[in-house]
Amino acid sequence: MKASEFPDAFKDARQKEGVGKMNDQDDPVTMVLRHKEVRKCAHQWQAFQSGGEEVGRIVIPSEVKIRDTRQIPFEIDPPEHKSFRDILNPWFKRPLDEDYSAKLATIIEEIVEESLESNNVEIVEEFALKLQSRALTLLLNIPYSEADLWISWGTHVFRSDDSDLDVNKANILYKYIDKQIDLAIENPSESLYSVLLNSEVDGKKMTKEEVKGVLILTFAGGRDTVINAVTNSIAYFAGNPKALAVLKEKPEMINNAVEELVRYFSPLTQMGRVATKDTHVCEHAIKADTRISLNWASANRDENVFENPNEVVLDRKVNPHVSFGFGTHNCLGATHARQILRILLAKLSQKVTSIAILDSKENIENLGEFNRKVGFNSLNVQFKK
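So for the sequence shown, the numbering used here puts the first residue at 7; every next one is plus one.
These aren't lab readings, by the way, just hints derived from the structure by calculation. One or more of the hints may lead you astray.
What the hints assert, rightly or not - Result set (DSSO-like, lysine-lysine): computed pairs, CA atoms no more than 30 Å apart in a straight line:
1. K17 <-> K367
2. K71 <-> K283
3. K357 <-> K99
4. K353 <-> K367
5. K391 <-> K357
6. K22 <-> K8
7. K17 <-> K248
Claimed, not checked - If you anchor each label on the Cβ, the simulated ranges turn out as follows:
8. K185 <-> D208: 26 to 32 Å
9. L102 <-> K210: 28 to 34 Å
10. T359 <-> D154: 29 to 35 Å
11. K17 <-> E368: 15 to 21 Å
12. K17 <-> K185: 42 to 48 Å
Note that the coordinates shown come from a computational prediction; the quantities given were computed from them, not determined experimentally. No residue lacks a Cβ here, since even glycine has one placed at the ideal position from N, Cα and C.
Model the full assembly from the supplied sequences, consistent with the hints where possible.
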């Protein structure tokens, strides 16, 4: 199997049962696997809530034990969700602005150029983490130099080599955000911190805790997902060198290519919800106060929706993937992530003729009965001009 191939771990269960089962820290999860049911459950926020009393429970693995700050607007349901979303949406649409895109292109071009000069580039930490961190300074509208500190944290702010939930590592992020909020109160600027501190939701100024909730989501939610998307895309072009030439010849394909790559690779496997009442999914009983997961990765390979779902078709025309979520709680950072990938594909197709994989180590998620390749722990490559 080529490094760029990502098998469909959920195919048999999706076709036979429509759901899968896993245990997360003694809190069972029913995984919803079919595209139709995933979208339906995502719409039904009254039955499957993102809010609830236990902060962090909807994340898989659950973060109940490592944080008590609610991520906003991710862990809030309507109608309150819309009030926060209306404040945040304009800011998170800024990556479409011409000036923002130009700055992002400069960041990405610099990293690509550096990589072309090296005989061995480790993509996960030396390329993707660097790109994600530097791009985040644009999203937060803060000094570029802050990226160096974030890079030192590694690829995930909550996980370490020894633990999927490292409270000590998580506290580094929480203390950092607390400090930045206090600095923004003392010295207001045009950063996201200051914008949020001066924002009103339903006639009330946002509290420090609410601002912190937005920033935790911004730091944590878009970190390993963007890193996976960038790393996996590079692995794809290494395994399919003609694809770069196609995009160079037909740059108008890049938008479709981005959507197809995030469909195929699904950088985030799933996200949980908590049932508010006894109900059913795919004829399977769901008890109140138990968890389901919306399995984006399985839905994106549903053979009833996608033709040749296990193939990357860069010019796929009809592509209702759910890699950025679906419904009320769709990904706030999707515009930023898409713009990163669009510019990355443009720069790679312009400057790189081929990519050779020197060695790699897969990142396999263990999800009960399922083992899913979600990306790489390391990917060493050589870029060729």
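Against the structure, the hints:
no., hint, result
1, K17 <-> K367, "holds (24 Å)"
2, K71 <-> K283, "holds (24 Å)"
3, K357 <-> K99, "holds (28 Å)"
4, K353 <-> K367, "holds (26 Å)"
5, K391 <-> K357, "holds (6 Å)"
6, K22 <-> K8, "holds (28 Å)"
7, K17 <-> K248, "holds (29 Å)"
8, K185 <-> D208: 26 to 32 Å, "holds (28 Å)"
9, L102 <-> K210: 28 to 34 Å, "holds (30 Å)"
10, T359 <-> D154: 29 to 35 Å, "holds (31 Å)"
11, K17 <-> E368: 15 to 21 Å, "holds (19 Å)"
12, K17 <-> K185: 42 to 48 Å, "holds (47 Å)"
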